[in-house]
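Protein sequence lines correspond, in order, to chains R and D.
Each residue of the first sequence is one higher than the one before, starting from 48 at the first, in my numbering.
Each residue of the second sequence is one higher than the one before, starting from 321 at the first, in my numbering.
Don't take each hint at face value.
[Claimed, not checked] 27 Å max Cα-Cα, derived BS3-like pairs, lysine-lysine:
#, chain 1, residue 1, chain 2, residue 2
1, D, 714, R, 67
2, D, 715, R, 54
3, D, 431, R, 252
4, D, 431, D, 414
5, R, 157, D, 334
6, R, 148, D, 330
7, R, 148, D, 336
8, R, 59, D, 713
9, D, 431, R, 176
10, R, 148, D, 713
11, R, 176, R, 148
12, D, 477, D, 431
13, R, 59, D, 714
14, R, 148, D, 603
15, D, 322, R, 157
16, D, 713, R, 54
17, D, 477, R, 148
Quick caveat, the hints were computed from the structure, so don't treat them as lab data.
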Amino acid sequence: MSILEMKNISKKFGNRQVLKNISFSIEEGEVVGFVGSNGAGKTTTLKVLANLIFPDEGTVVINGHNLFSEREEALSCIGGIIENPGLYSFLSGRDNLNFIKNLRNVSDEKMDSIIEYIGLSSRINDTVKNYSLGMKQRLALGMSLLTDPKLLILDEPTNGLDPTGTIELRNLLKKLSKENKISVLISSHILSEIDKISDKVVFIKEGEIISIKDNKRVTNGQPYKMNVNEAEKVKELLKNCENVYEFYFDNENVLYVNIANDSLNSLLKSFVLNNIDFSNIEVVSGVEEEYDKIYSKGALK
Amino acid sequence: MKPLIAFEFKKFFKNKKNLIAIFVFILLILVEIALCISMEKRKTGIEIELCNGTVEQCKQQIDKLKSDYEKTDASDSQGRNFLKEGIDNLSLQKRLNEEKRNAIVSNDWRKMLDLDIQLDEWSLKGMQKSNATSAQNPEALIMEIKKDKFLLKNDIKPIYESCSMTSYNFIRLTSIDILPLFLLIIISLFSSDIMSNENDAGTFKVLLIQPISRTKVLFSKIIASTLINISIILLTLFGFFIGLGITKGFGSPKYPVNYYLGSLSFGYKGTNMDSIRLIGIGKFILYMLPLLILMIIALTAICILISTIMNNSTTAICTSILIYITIYIFNNQINAFKKIAHCIPLTYLDVPDVLNGNMIYKFGNTHITLLFGLIILIVSTMICYFISAAIFKKKDIIC
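Chain R with its partners taken away, still in its complex shape (with noise of 0.2 Å):
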């Protein structure tokens, strides 16, 4: 079932066309990587998506609701922090979390268990001011998890955390879509990340998106990146090869090939029998390598 559907989603700021025909769906449970460089329109996306921003055309469906003409019920769907944790900075942290909890109607006891989930027990009585990025960071996402959303947008949430912190970030939402079935769309500039948490990766650039990538076959198999000779004789080779998800080549000879667990050596042994030279071998990250493949010279396959 999708929990998110965007359909051409287009956004003018003056003469700048910042999001071009922007569609992708969410499922349930599922973990969205959002990625592109600075000012792809990712921010603008999510804006879009909380409703901070209107766009000039196309339609956004959260849970079965058009969030443009049913905004409370669509809105009630989700939680998030974008851009940067927006906390009343001069009140303490049991204000700020008091204040979605009246006005949601969320229990005392959730209360008390998502203080004690994000590891704010005993700072939650201190002002806002005096937490570091990290905590406000904590205290945002107790927020977003305090309504228990069914879809949790999340723009650059480790910025400001700590190994540990990202760590367990990384943990708290595979388990919120795993055990809570919360679907969690996730911008972030570390790809390796993305990579590990995502079922799915959205890529943009200029404001359009530019590859959807199923991220399962991904994290599933291992891309390599390596030099070869002949590359038409290697399309051709690995056209045929059963092992072989998907390849493309940057240069005349850099390919790039993701390929099933264990199997490097059976494809290079199929290199050596067909007489094609290789060198430079390097493991490389599913995410990273669609990156550099979007924002290098673009797909070749």
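Starting from the structure of chain R, add chain D where the hints point.
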């Protein structure tokens, strides 16, 4: 909407800027009170000196007239009668002023009132007799005599209206002296950042992601801000009213003040002082309240509109103050504005002057009445709310 309104109250009272503004507001009133009390103390001395001066002047003039009388030929009966009449008049003035001085020294206010009435009637008679133009308006003198007679009849102790700090007079004076300018500044500080502050702090993202309509968010802020402004201003005034009542006395609610008879019409009813009548100060303050409350509501609405348009809270506050002060100055100084002053909400800031008809004289605009003021303030409030809602409903939150 209740949790939103309650949260706005909480945010307001946790914000240091607002607490400092309240403190400054209270401090300014205290300064005004201190100045008025010291002026009131000096007033008695000044009045005694004034009486002494008049007595001395009368003495000199009597001596001069007496010597002229003696020098005048006995056959010039007309000239001698004229001089005698002058001596009698000056002797009466001298005697009345001597008695008034003694009454002030012995704090006998009834006697003082009686003497004031006699002196004013004597002056009025002189004016009518000589038919000369005087610095004092005879109509104002008649009103003064009426007022003094009323005080005497009702056994009400007179006060120095320009500085007495009895509770009722304090409310009237504050509404004229410091409230107009302070309303502009304090409401700008309290309300101009109610929307733009959320933008600055990035908290709109938390607020607007909640399943509540934007109209509800805006109106919660409007309700909270209006209630906060009204309660802070009225409670502060009420607090001082009680405090001064206990320390300096409440004064009589029946104390007569001028009230413009055309207040509840759209235009000027009378042609002169006939259109002014005396009403009790308590009643006058009660009449002031609706206009004052509506003024606070209208100023809040204008500030919220500015706050909705602006994205930065400092810019919003500065813009509000600048707009208000510019309009206030233009309104008071430029003649072209005076013709349309009745349609500008800020004209009605000096609430007591609207009620006593002074605004009509000040602006030369006969439409500045209580009724017109109420209508203009209600209409401008509605327009501001309507525009704010229309803008906010479609506004992209870029921060």
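Here is how each hint holds up against the structure:
In summary, the hint linking residue 714 of chain D to residue 67 of chain R is supported, as the alpha carbons are separated by about 20 Å, within the 27 Å threshold. Taken as a hint, the residue 715 of chain D and residue 54 of chain R pair is honoured in the structure, with Cα atoms around 22 Å apart against an allowance of 27 Å. Between residue 431 of chain D and residue 252 of chain R the CA atoms are separated by roughly 93 Å; this puts the pair beyond 27 Å, and the hint is violated. Restraint check: the Cα-Cα separation between residue 431 of chain D and residue 414 of chain D comes to about 16 Å, which is no more than 27 Å; the hinted pair holds.
Restraint check: the Cα-Cα separation between residue 157 of chain R and residue 334 of chain D comes to about 26 Å, which is no more than 27 Å; the hinted pair holds. Only pairs whose Cα atoms come within 27 Å are accepted, and residue 148 of chain R paired with residue 330 of chain D is accepted, the gap being roughly 15 Å. A hinted pair counts as satisfied when its Cα atoms are at most 27 Å apart, and residue 148 of chain R with residue 336 of chain D qualifies at roughly 25 Å. Proposed proximity of residue 59 of chain R and residue 713 of chain D is supported: the alpha carbons are some 18 Å apart, at most 27 Å.
In summary, the hint linking residue 431 of chain D to residue 176 of chain R is not supported, as the alpha carbons are separated by about 67 Å, beyond the 27 Å threshold. Among the hinted pairs, residue 148 of chain R with residue 713 of chain D is consistent with the structure: their alpha-carbon atoms are about 24 Å apart, no more than 27 Å. At roughly 21 Å between alpha-carbon atoms, residue 176 of chain R and residue 148 of chain R fall within 27 Å of each other, so this suggested pair holds. Between residue 477 of chain D and residue 431 of chain D, the direct Cα distance comes to roughly 11 Å. Compliance with the 27 Å bound is thereby established for this hinted pair.
Distance hint between residue 59 of chain R and residue 714 of chain D is fulfilled; the C-alpha atoms sit about 14 Å from each other, no more than 27 Å. Simply put, residue 148 of chain R and residue 603 of chain D have alpha-carbon atoms about 47 Å apart, too far for the 27 Å limit, and the pair is violated. At roughly 21 Å between alpha-carbon atoms, residue 322 of chain D and residue 157 of chain R fall within 27 Å of each other, so this suggested pair holds. A distance of roughly 22 Å separates the Cα atoms of residue 713 of chain D and residue 54 of chain R; the hinted pair therefore holds under the 27 Å criterion.
A distance of roughly 59 Å separates the Cα atoms of residue 477 of chain D and residue 148 of chain R; the hinted pair therefore is violated under the 27 Å criterion.
Of the hints listed earlier, those the structure fails to meet are numbers 3, 9, 14 and 17, in rising order.
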